[in-house]
Amino acid sequence: MLREITLGQYYPADSPIHKLDPRTKLFTTMIYIISIFCFKGPAAFVVITVALAAVIYLSKVPFSYMVRGLKTIVFILIFAGILNLFMTPGRELVSFWKLTISYEGAKNASLMLFRMIYLIVGTSVMTLTTTPNQLTDGLEAALKPMKKIKVPVHEIAMMMSIALRFIPILIEETDKIMKAQMARGADFESGGLIKKTKAMIPLLVPLFVSAFRRANDLALAMEARCYSGGEGRTKMLPLKYENRDRITYVISIVYLVAICVLRRFPF
Amino acid sequence: MSFIEAKDLVHEYIMRDEEGNVEGVQVALDHLDLNVEQGQFIAVLGHNGSGKSTFAKHLNALLVPSEGTLYVGGMDVSDESLTYDIRQTAGMVFQNPDNQIIASVIQEDVGFGPENIGVPTEDIWARVEKSLKAVGMWAYREHSPNKLSGGQKQRVAIAGVMAMEPKCIILDEPTAMLDPDGRKDVLAAVHELNKTKGVTIILITHYMEEVVDADYVYVMDKGKVVMEGNPTGIFSQVETLKEHHLDVPQITMLAHELKQEGLPLKDGILTREELIQEIDRICH
Chain A
1 MLREITLGQY YPADSPIHKL DPRTKLFTTM IYIISIFCFK GPAAFVVITV ALAAVIYLSK
61 VPFSYMVRGL KTIVFILIFA GILNLFMTPG RELVSFWKLT ISYEGAKNAS LMLFRMIYLI
121 VGTSVMTLTT TPNQLTDGLE AALKPMKKIK VPVHEIAMMM SIALRFIPIL IEETDKIMKA
181 QMARGADFES GGLIKKTKAM IPLLVPLFVS AFRRANDLAL AMEARCYSGG EGRTKMLPLK
241 YENRDRITYV ISIVYLVAIC VLRRFPF
Chain B
1001 MSFIEAKDLV HEYIMRDEEG NVEGVQVALD HLDLNVEQGQ FIAVLGHNGS GKSTFAKHLN
1061 ALLVPSEGTL YVGGMDVSDE SLTYDIRQTA GMVFQNPDNQ IIASVIQEDV GFGPENIGVP
1121 TEDIWARVEK SLKAVGMWAY REHSPNKLSG GQKQRVAIAG VMAMEPKCII LDEPTAMLDP
1181 DGRKDVLAAV HELNKTKGVT IILITHYMEE VVDADYVYVM DKGKVVMEGN PTGIFSQVET
1241 LKEHHLDVPQ ITMLAHELKQ EGLPLKDGIL TREELIQEID RICH
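Chains as they are written, first to last, in our numbering: chain A, 1 to 267; chain B, 1001 to 1284.
Check each hint, because a few of them may be wrong.
Keeping only pairs whose Cα atoms sit at most 25 Å apart, straight-line, the calculated DMTMM-like set for lysine to aspartate or glutamate is [said to hold, decoys possible]:
1. B:K1167 / A:E223
2. A:K240 / B:E1142
3. B:K1147 / A:E231
4. A:K150 / A:E231
5. A:K40 / A:E92
6. B:K1147 / A:E172
7. B:K1167 / B:D1079
8. A:K176 / B:D1079
9. A:K235 / B:E1122
10. A:K235 / B:D1123
11. A:K19 / B:E1173
For the record, the hints were derived by calculation from the structure and aren't laboratory data.
All values derive from a computational prediction rather than experimental measurement.
Produce the entire structure from the sequences given, and follow the hints as far as they go.
Now the structure itself:
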């Protein structure tokens, strides 16, 4: 179950989306997020869906990969959906036993579900088509102005890319430790919430110990390869805007304008 | 002057209690003397706690000597201003393949070292291609390291060091976490680099089989060099090796036992072929 987290996992393919500059992708993703939170009306919904579908199609990443990211948040989705469904006061739609579903509740719940799903799928398009290194390069470039106020932008970006690299390794390790503890009679499945939480201790302690050990090893390995912070570093993949990036910027701005117009005149 | 020259090298780990008072001193390197010439394939043998890893970390200026001197490529490792030059001259490969790959794509990881030392972009790509080809991992350049086997990851780590174009590579138990196949591949890659590119290799290990093809062997115990010589010479002293908690390769052991039973075999037989030849010689 733990292996199925795809967030932050790169899917190698040769597609126009993969070739885009990470800064362009970050910008477009921002625009996309803004659009799913501020759109109004079914026409805008269609626009967003078509845009997302087109990007997924262009990215050549199998659709199942995008959806896999959703599996991990199914619980949150259902929980938030049910809360919204039953807790929103308003015109009554259906009512049984003590529960009432209001017209507004149904609308809120479906909107919320739609936003969450689109948010996850949309952002995983970005993480699946951008290597973590490119992603952090993009972030570093985007946050460069912050350097003036002494924010260690390069270091933060480096930490992020390393964190992303170690997610699958730590997940695998968790799996291993879990199996080892289960083989010795540990029980992670039964009992109430408190008992289950307590059962996590023999899992988390060795995981943390090993994470620190790895961090130490990695720091040594980085030092051995002459890493000394961002100063004097060259880039293997320097960021350079191409025509396709300019086109993407134009398209995404047109897209945002369209969403805004549809918000003003919803139909 | 030799390429690597250690003289009276001492390293002490100082153990402190919670208030920072010195609780005890553990001597990891005890007046070590050692010389390595450029282009050699050197093996450093020793069981756990013999100080061999501590020594390896000195060669890369990750640790500095408590006493004595160590010169790598003519540079004093105690001189902090030379640290990065030394690390560029003597690259290091560590034991755990997972904990030394920094990037999520093979070629970007190999490019990490050159990026750090400020190599121009086009040259980085040329170096990445050259080093990945040298270890036979070019076909995997766009893969994620998570999907590779241990031996493949270790070869990527070697390529990562190669891309910095060092004169010397130190491998600190590079095969300890690998399966036999991975072990063989990694060693083959290392030997290839030594032969074709003339890179000085210092292989730190406790597997006897890996030492057989080295030019020169140092055996360490308790922070000292206790034996040195070519592999044949070292492995002919089966009893001394045992005193230092080391085993000899199975074939050498077999030859040794046969000799003790009275067969007139020569000393220091290292490979199966050699033993067969020797037995053949005796029979005729």
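> Checked against the structure, which of the hints given earlier come out wrong?
Replying inline: 3, 8 and 11
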